[in-house]
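So the sequence lines, in the order shown, correspond to chains C and P. Per numbering that gives the first Met the number 0, the first sequence runs over residues 0 to 517. Per numbering that gives the first Met the number 0, the second sequence runs over residues 0 to 246.
It should be emphasised that the hints constitute simulated quantities derived from the structure, not laboratory data. It should be emphasised that the depicted structure is a prediction, and the values quoted were computed from it without experimental measurement. We put the beta carbon where it would ideally sit given N, CA and C, even for glycine. Just so you know, not all the hints are guaranteed correct.
[Stated by the list, open to error] Lysine to aspartate or glutamate pairs mimicking DMTMM-like chemistry, simulated, CA-CA at most 25 Å apart:
{"#": "1", "chain 1": "C", "residue 1": "Lys3", "chain 2": "P", "residue 2": "Asp114"}
{"#": "2", "chain 1": "C", "residue 1": "Lys5", "chain 2": "P", "residue 2": "Asp75"}
{"#": "3", "chain 1": "P", "residue 1": "Lys65", "chain 2": "C", "residue 2": "Glu166"}
{"#": "4", "chain 1": "C", "residue 1": "Lys415", "chain 2": "C", "residue 2": "Glu444"}
{"#": "5", "chain 1": "P", "residue 1": "Lys54", "chain 2": "C", "residue 2": "Glu166"}
{"#": "6", "chain 1": "C", "residue 1": "Lys32", "chain 2": "P", "residue 2": "Glu77"}
{"#": "7", "chain 1": "P", "residue 1": "Lys65", "chain 2": "C", "residue 2": "Glu168"}
{"#": "8", "chain 1": "P", "residue 1": "Lys212", "chain 2": "C", "residue 2": "Asp128"}
{"#": "9", "chain 1": "C", "residue 1": "Lys132", "chain 2": "P", "residue 2": "Glu77"}
{"#": "10", "chain 1": "P", "residue 1": "Lys54", "chain 2": "C", "residue 2": "Glu131"}
{"#": "11", "chain 1": "P", "residue 1": "Lys53", "chain 2": "C", "residue 2": "Glu173"}
{"#": "12", "chain 1": "P", "residue 1": "Lys66", "chain 2": "C", "residue 2": "Glu171"}
{"#": "13", "chain 1": "C", "residue 1": "Lys493", "chain 2": "C", "residue 2": "Asp451"}
{"#": "14", "chain 1": "P", "residue 1": "Lys59", "chain 2": "C", "residue 2": "Glu166"}
{"#": "15", "chain 1": "P", "residue 1": "Lys53", "chain 2": "C", "residue 2": "Glu131"}
{"#": "16", "chain 1": "P", "residue 1": "Lys62", "chain 2": "C", "residue 2": "Asp167"}
{"#": "17", "chain 1": "C", "residue 1": "Lys132", "chain 2": "P", "residue 2": "Asp115"}
{"#": "18", "chain 1": "C", "residue 1": "Lys61", "chain 2": "P", "residue 2": "Asp75"}
{"#": "19", "chain 1": "C", "residue 1": "Lys5", "chain 2": "P", "residue 2": "Glu77"}
{"#": "20", "chain 1": "C", "residue 1": "Lys3", "chain 2": "C", "residue 2": "Glu173"}
{"#": "21", "chain 1": "P", "residue 1": "Lys53", "chain 2": "C", "residue 2": "Glu166"}
{"#": "22", "chain 1": "P", "residue 1": "Lys53", "chain 2": "C", "residue 2": "Glu129"}
{"#": "23", "chain 1": "C", "residue 1": "Lys5", "chain 2": "P", "residue 2": "Asp115"}
{"#": "24", "chain 1": "C", "residue 1": "Lys62", "chain 2": "P", "residue 2": "Asp75"}
{"#": "25", "chain 1": "P", "residue 1": "Lys54", "chain 2": "C", "residue 2": "Asp167"}
{"#": "26", "chain 1": "C", "residue 1": "Lys97", "chain 2": "P", "residue 2": "Asp115"}
{"#": "27", "chain 1": "C", "residue 1": "Lys32", "chain 2": "P", "residue 2": "Asp75"}
{"#": "28", "chain 1": "C", "residue 1": "Lys3", "chain 2": "P", "residue 2": "Asp75"}
[Stated by the list, open to error] Derived Cβ-Cβ restraints for the label pairs, each shown as a range:
{"#": "29", "chain 1": "C", "residue 1": "Glu75", "chain 2": "P", "residue 2": "Ser170", "range": "38 to 44 Å"}
{"#": "30", "chain 1": "P", "residue 1": "Ile190", "chain 2": "C", "residue 2": "Ala170", "range": "50 to 56 Å"}
{"#": "31", "chain 1": "C", "residue 1": "Ile314", "chain 2": "P", "residue 2": "Leu244", "range": "44 to 50 Å"}
{"#": "32", "chain 1": "C", "residue 1": "Lys244", "chain 2": "P", "residue 2": "Leu244", "range": "51 to 57 Å"}
[As the list claims (entries may be wrong)] Taking beta-carbon pairs under 7 Å as the criterion, some of the chain P residues facing chain C (in silico):
{"#": "33", "residue": "Arg48"}
{"#": "34", "residue": "Ile71"}
{"#": "35", "residue": "Lys72"}
{"#": "36", "residue": "Ala73"}
{"#": "37", "residue": "Asp75"}
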Amino acid sequence: MQIKPKTVYFRLNQTTSGKLLPDNTLPSRWHLKACLSLNERREFYDTFEWQAFEKGFVIEKKKNTLFLADLNTGHEITSLPFTSNPSCFFSDFLLPSKLREELCSCSTIRAFMKLCSVDALIRSYRMLDENEKTIAILRSESLFLHGNHDEEPFTYYFTISPYRGYEDEMAEVEKSLMNSQDIDIIPEFRELYKLMMQAAGHTVQDYSSKICLTLDPNAPIRESARRLLQFTFSVMRLNEVGIKKNIDSEFLHDYRVAIRRTRSILKQLKDVFDASETAYYLNLFRDLGKRTNELRDRDVYLLQQATYCHYLPPILQPSLKIFFDTIAASRKRLHRQFSRYLSSDSYKSFLEEWGAYLNRPSHPEPEQIPYAFLSTRSVAVETIKKAWKKVIRHGRLVSRETTDAELHGLRIDCKKLRYLLEFFASIFPKKTIIPVILQLKELQENLGIFVDFAVQLRSLHEQLALMPPDNLLAASTGGLMTILFQKQEEARLKFHKTFRSFDHEQTSQLFQDLLTST
Amino acid sequence: MKTIALYSIKGGVGKTAAAVNLSYLSSLLAPPALICDLDPQGASSYYFRIAASKKFNSDKFLKGNKKIFSNIKATDFENLDMLPSDFSYRNLDIELAEEKKPQKRLKKNLEELSDDYRFIFLDCPPNLTLLSESVFAASDLILVPLIPTTLSIRTFVQLKDFFVANKLDSSKIRPFFSMVEKQKKLHRDIINEFGNTPELLTQMIPYNSEVEKMGIYRAPLNAVLPNAPASKAYRNLWEELRALLEG
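Let the hints inform the model, and build the full structure from the sequences given.
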């Protein structure tokens, strides 16, 4: 129930002749009394996708404590002893606590990375009333990037933190601060946070794997396709460091999605570019994707480790560790191998070649590639319609037995449709595109579960042959395969029902609305 | 949350000094703590340099909930808040009498603070009224400072009789000797005579002129002069209390 009084942040925009605050900021009988000077190291963490920031959180380590604070007020929400000093950590690494719960709600699979390390030089003053009672603490804070003490602070500011019960008095002080010509009020702590990130070379919310381009529906499709490819290329590049540093598995995941999207653009909009060039680059991207397949498979296994253990009775759980140890060892090898490739000359030259191709000014003759000059909107409508009809056609052909191959094929069709919807989302009204994506997502989830279990079953079977002869290990692997098979069958049984809902008049109407929307 | 009342029918026995110092010690050693000044004289509020907001009065105190929350003020000591007294508290009894269940009113209001504080200390006015009955119902422990004098012991006996007559839980009452001057024969004799009373706390608070100077420092003695004999005695008394409460 306790509500912490609001902290006021502000800057002096000109010198106040040696005084801390401009004249008449405080009532005449109040005064300031110096009380403390200290240096404080502050280290800030967030995921690559700024998931804590998105939820309005600041994650800050000070001394041996990890704090979760409110991004707007800067006030502590909760804290936890934190003696280690990792460059990154996962939320489930923390001891059970409110802080862990909050970070888990941000992400369990993305690592929280140390983004910024700041040294704050703080001078504190008590603000005393006529009874010499402290009613607030005034702090002057100068911030230096850690290790850059010889340089000027990258920012300095003041804070006034009122004591509980003195909100009315502080409202008066805040009012006189706001009226002062010499003072700039900083409305929210998030502005200081952004400033600290900027000093450390980061731009808050600069990354999202989601396609966040606004396409012009009347622009030639060639231009829009090029922009989409430039976007997917930038996502690939942004994820390379995280893959090499082995920070978390999402870097590789996003990298692979960017490759798949690139291939999807090249394939589904193949008439937009020169056919031979398209074929050439499709090959390169297919090979690049293949290089990551095994590594991603291992990641998926390791992400499922806890879930798989829970599938088995306690007696079989320890032996599963041997299985995961083997997976982890092979993942390590594959990761090293792929990281080496990312640093290789051949990869560098591939990047240069593809980058040059995307930025190359090209002016094809309309007679050569007529499709390239169609409007983005018309191509979007046509390709989405085609892909949607393909999903319906193939879905209806899926037999009563729903074979693995049928469902696998349909999953790919759905993925292609999903990519098209995402590529062109910006040219359709949100209210028409979102319901369509939601309908498709449901079908994709069903197919995704089915195919994932099928892949894992096959891979487990292959792994069995490579594992040391051990009865318990064989029993636990067998147990796991049984469970996965049951789950795969559940997904298979559910398919027809899910597809019926997708192949329905209502969904059809949603697509019609989308494709005829302006 | 545990509620501890510093109570005596008699005035000038060291209630406020004990409430101020014990609440300060609990905020250091088992935070967070709140001290409620229920005495319209407002001595403990004065010691902490806190005055109630102009809008606060006994009516708002009885309403509880938000009215209380918004009138709690931070002291200059971390983890120690205060609900200051207001002169209108002199009418608390009259206003309590108009409540439906006056004895339970305070308990209900304090329960709303249970998420925020581990210990609440009540600095009570010296009388035996409806407010006192409300304090008895709300407290887990009623600490009664006893100066080792005949009159002081007499008022303690009166208090116990009141509890018996009104079927109240007298096991909450824990007296301790306060302002003890061992050079005085009377003090020694009374301590000898009553020293074996089972509910009596073992720690005594000696008479110490520094305690009187709290009015000049306007801060807990334990914060200003932690090595003064009375400070040490308060520290021991707090440990004895904590063991009783958290056993």
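Against the structure, the hints come out as follows:
{"no.": "1", "hint": "Lys3(C) / Asp114(P)", "in the structure": "15 Å, holds"}
{"no.": "2", "hint": "Lys5(C) / Asp75(P)", "in the structure": "18 Å, holds"}
{"no.": "3", "hint": "Lys65(P) / Glu166(C)", "in the structure": "15 Å, holds"}
{"no.": "4", "hint": "Lys415(C) / Glu444(C)", "in the structure": "14 Å, holds"}
{"no.": "5", "hint": "Lys54(P) / Glu166(C)", "in the structure": "13 Å, holds"}
{"no.": "6", "hint": "Lys32(C) / Glu77(P)", "in the structure": "18 Å, holds"}
{"no.": "7", "hint": "Lys65(P) / Glu168(C)", "in the structure": "19 Å, holds"}
{"no.": "8", "hint": "Lys212(P) / Asp128(C)", "in the structure": "22 Å, holds"}
{"no.": "9", "hint": "Lys132(C) / Glu77(P)", "in the structure": "13 Å, holds"}
{"no.": "10", "hint": "Lys54(P) / Glu131(C)", "in the structure": "22 Å, holds"}
{"no.": "11", "hint": "Lys53(P) / Glu173(C)", "in the structure": "20 Å, holds"}
{"no.": "12", "hint": "Lys66(P) / Glu171(C)", "in the structure": "21 Å, holds"}
{"no.": "13", "hint": "Lys493(C) / Asp451(C)", "in the structure": "15 Å, holds"}
{"no.": "14", "hint": "Lys59(P) / Glu166(C)", "in the structure": "18 Å, holds"}
{"no.": "15", "hint": "Lys53(P) / Glu131(C)", "in the structure": "19 Å, holds"}
{"no.": "16", "hint": "Lys62(P) / Asp167(C)", "in the structure": "21 Å, holds"}
{"no.": "17", "hint": "Lys132(C) / Asp115(P)", "in the structure": "23 Å, holds"}
{"no.": "18", "hint": "Lys61(C) / Asp75(P)", "in the structure": "24 Å, holds"}
{"no.": "19", "hint": "Lys5(C) / Glu77(P)", "in the structure": "17 Å, holds"}
{"no.": "20", "hint": "Lys3(C) / Glu173(C)", "in the structure": "16 Å, holds"}
{"no.": "21", "hint": "Lys53(P) / Glu166(C)", "in the structure": "13 Å, holds"}
{"no.": "22", "hint": "Lys53(P) / Glu129(C)", "in the structure": "16 Å, holds"}
{"no.": "23", "hint": "Lys5(C) / Asp115(P)", "in the structure": "18 Å, holds"}
{"no.": "24", "hint": "Lys62(C) / Asp75(P)", "in the structure": "24 Å, holds"}
{"no.": "25", "hint": "Lys54(P) / Asp167(C)", "in the structure": "11 Å, holds"}
{"no.": "26", "hint": "Lys97(C) / Asp115(P)", "in the structure": "17 Å, holds"}
{"no.": "27", "hint": "Lys32(C) / Asp75(P)", "in the structure": "13 Å, holds"}
{"no.": "28", "hint": "Lys3(C) / Asp75(P)", "in the structure": "16 Å, holds"}
{"no.": "29", "hint": "Glu75(C) / Ser170(P): 38 to 44 Å", "in the structure": "40 Å, holds"}
{"no.": "30", "hint": "Ile190(P) / Ala170(C): 50 to 56 Å", "in the structure": "54 Å, holds"}
{"no.": "31", "hint": "Ile314(C) / Leu244(P): 44 to 50 Å", "in the structure": "47 Å, holds"}
{"no.": "32", "hint": "Lys244(C) / Leu244(P): 51 to 57 Å", "in the structure": "52 Å, holds"}
{"no.": "33", "hint": "Arg48", "in the structure": "4 Å, holds"}
{"no.": "34", "hint": "Ile71", "in the structure": "6 Å, holds"}
{"no.": "35", "hint": "Lys72", "in the structure": "3 Å, holds"}
{"no.": "36", "hint": "Ala73", "in the structure": "4 Å, holds"}
{"no.": "37", "hint": "Asp75", "in the structure": "5 Å, holds"}
Of the numbered hints given earlier, the model fails none.
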